[in-house]
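Asker: What follows is the residue order along each chain.
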Amino acid sequence: MQLTIPNPAFLIAPIIALVSGLAAGQQSEPVDATSLQPTAANFEAWRDRILPCDDELNWQNIPWLVSFADGIVAANSADKPLLLWTMNGHPLGCT
Amino acid sequence: MIELAKQFVPATDEVWRLQIGTDPEARHFQKVSEVGHYRRHHSTRQGIYACSASGKLLGSVNTHNVDEVIKMMKAALRDYSALGVAERTLADDADVLPDHRWEESYPANGLNLTMVARDLPASCHPDDPAGAAWNQDRVWFSQAEACRFLPPDDSDWRTGHSYDLETALVARIVRFSVIDTVKGQTDHYSKDEIAGSQIHVRVLEANANTVRLELTGSSRAESSRSLGRKLDHGIETRMFGRAAWNRERRSFDSFELVALGKRWGRTVFNSRKSETNSSPVGFVFHLTPREAPLVAPSFLHAYGADWVVYPGGDTR
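Heads up: the sequence lines are chains A and B, in that order.
Heads up: the first sequence is residues 1 to 95, going by my numbering.
Heads up: the second sequence is residues 1 to 316, going by my numbering.
No lab work stands behind these hints: they were computed from the structure.
Since the model is a prediction, treat every value here as computed from it, not as a measurement.
It cannot be assumed that every hint is accurate.
[To be verified] Restricting the straight-line Cα-Cα distance to at most 16 angstroms, the calculated cross-link-like pairs of lysine to aspartate or glutamate (EDC-like) are:
| id | chain 1 | residue 1 | chain 2 | residue 2 |
| --- | --- | --- | --- | --- |
| 1 | B | Lys31 | B | Glu87 |
| 2 | B | Lys273 | B | Asp187 |
| 3 | B | Lys6 | A | Asp79 |
| 4 | B | Lys56 | A | Asp79 |
| 5 | B | Lys191 | B | Glu222 |
| 6 | A | Lys80 | B | Asp79 |
| 7 | A | Lys80 | B | Glu87 |
| 8 | B | Lys74 | B | Glu3 |
| 9 | B | Lys230 | B | Asp187 |
| 10 | B | Lys56 | B | Asp79 |
| 11 | A | Lys80 | B | Asp23 |
| 12 | B | Lys262 | A | Asp32 |
Build the full structure now, drawing on both the sequences and the hints.
Answerer: If you want it as structure tokens, here you go:
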């Protein structure tokens, strides 16, 4: 994910990965991904491995409005400056 | 940084529409960005901007360095406090609203899925650490389309009944969402490029309130082009999932689909230039939480669905 705002989860992800690897023991050898088969028995484990953990979602704790126009109108009402994060692809969607 | 952000109104948006558009919102953004960090010297205006509602630029940067962002934000706050009212606020007759947003097409009673994609461990074992990079997107189906996940004849809503999911529904998932976006935006596939992809549905249980479904399937997508350039890339997965249909509300109470497989090659913008060899990748599709921000799917414009509202108010 292309994150412009420094994302704490992005920075600590390698550490999480290292710790997880140590906890799980030595990492297995590479295998052919063609063998990957989600089943009733394993799909929850894979789901949990793929979905972002709370630390990876910290940046969403900022109450981002979803458009520049919404931000301008709100900034005008609140008499606050606007902080706009804008990317190719919506930062709250797919960048 | 989260604390510092509280002194601002934080907003996000997609930059391309803003930087090339001609509606009032886009022109207001261009007033800010054309004096920002890239000015006119770069093809993109991506980044982090601080500005007043009137469009007075207070600072901008495009960096992963948190200290640079914080420095910019603090300077912007100082400068904002020194502005007069006219430079802080919108003129009474100012218009900053967009002519069109894809979110206008949101199918309120439909199926709103979130897709998450992530690189998987080379061992292909779920206990081993997966990649740090991940991405997400939305997948939208209208209520009429969501109903077509069920058999058309409700006498077939019985335990053990099985059927192939309609090709158009499979294509919505595979063409636009089982794509290699893990490290950045990529292209969607054409109908021809996903030939053979299929999802099979089995009714696990059906009662007066709920129909529980099991989904299994496979996808294969391959293309030799990306944005007009010859770039081989592809992806193939196997799928498993479960869903629960609420008969009274005519919507899904739950929906989870996992797709596991391999990707290869690269596209122009998906940051796989040095990773063209095949590697494992995984996807999860789940119901988008009600509190999640309303953001349209990246390729909504290419859905070809009659409920999508295009600029100018057209549907196709």
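Asker: Work down the list of hints and note, for each, if the structure agrees.
Answerer: Evaluated hints:
no. : hint                : verdict
1   : Lys31/B / Glu87/B   : 13 angstroms, holds
2   : Lys273/B / Asp187/B : 15 angstroms, holds
3   : Lys6/B / Asp79/A    : 13 angstroms, holds
4   : Lys56/B / Asp79/A   : 13 angstroms, holds
5   : Lys191/B / Glu222/B : 11 angstroms, holds
6   : Lys80/A / Asp79/B   : 12 angstroms, holds
7   : Lys80/A / Glu87/B   : 12 angstroms, holds
8   : Lys74/B / Glu3/B    : 12 angstroms, holds
9   : Lys230/B / Asp187/B : 13 angstroms, holds
10  : Lys56/B / Asp79/B   : 10 angstroms, holds
11  : Lys80/A / Asp23/B   : 24 angstroms, violated
12  : Lys262/B / Asp32/A  : 9 angstroms, holds
This entry does not satisfy hint 11, going by the numbered hints stated previously; all others are met.
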